[in-house]
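Student: Sequence:
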Amino acid sequence: MRGAFVRRLLGPQNRHLWFWIFVGPFVLGLTLFTYVPLAWSVYLSFFDAHNTVSPTEFVGLDNYTAMLGDDAFTGSLVTFLVFTAFIVPATYALSLALALMVNRLRWAQAFFRSVFFLPVACSYVVAALIWKMSIFNGVRFGLANTVLDWFGADQIAWLSTTDPPWYWLVIVTVRLWLQAGFYMVLFLAGLQRISPRLYEAAAVDGARPGWQVFRHITFPQLRATSVAVVLLLVINAFQAFDEFYNLLSDSRGYPPYARPPLVYLYYTALGQGQNLGLGSAGAVILALIIAVVTVVQARWFGLGRKED
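Using UniProt numbering, you'd call the opening residue of the sequence shown number 1 and step up by one each time.
Treat the hints as calculated values from the structure; they're not laboratory data.
Backbone N, C-alpha and C fix where the C-beta goes; we use that ideal spot for every residue, glycine too.
Any given hint could turn out to be false.
Distance windows between CB atoms, simulated [what the hints assert, rightly or not]: (1) 60 to 100: 50 to 60 Å; (2) 115 to 161: 29 to 39 Å; (3) 141 to 176: 19 to 29 Å; (4) 162 to 70: 17 to 27 Å; (5) 35 to 107: 41 to 51 Å; (6) 219 to 115: 23 to 33 Å; (7) 110 to 253: 38 to 48 Å; (8) 34 to 228: 41 to 51 Å.
Sequences and hints are given; from them, build the entire structure.
Tutor: And the structure:
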């Protein structure tokens, strides 16, 4: 009798039950911690929500017009554009170069793949503090200034100098170190999908190994992977917060320069003003910008088209 009960429980008539047993907890967590806060943020954006998550004063689109007219918010978008202009091509080039190098190895490929991927496991906060305290801390004991001293160069206050803005070098290098290994793995997967017959045919046709083969065979075959990498890089650049906040903030607060959108929204919603309505409106605007940029990029690069 017990065996019959187990067979009925595991039978095809209960496949929907088992589906929800395994998927239900994930769906519940996604709803509670993603969709409900998102919907509540949209709701708050239409209210005057100072120091409260249960506002009563409806203000319509006032929060949106105030946010779009705020020079600090538009300035944060400019900061994002500058950051994107640095980090996207740098990460793309470095991760592709690492993938090409690792893919050509005949031995210890797994070792070097793991070594280059290892920084991905490091926390952004921890990496930012290492960069700030040990490498670019602006005193003569910092690693960067020690190297400059070897060559007789002047020391640099890396994180407090705005002319020239050396802090960009610090921010870009820490993000580059953290994420290059992840995108290297994506490129490696793309490289390993390329048929060896293409290279054999190119060799028969007289193609020279190196740049010529890369330009006419390898790179075109990586188009779909490249599109995915660029999309992820731009979205991650929009979400930059940890490295900016932990590198540039100090006991006096955050400096007025180099504020990406999430840092600005953090101070708007959770700073002294505690204006959750205005911060929610900014978050909705930012989400819409990310969605539009993603769709435009996908259409521009032809995401979903088959590789030639």
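Student: Which numbered hints are broken by the structure, listed smallest first?
Tutor: Violated hint (a single one): 8; every other hint is consistent with the structure.
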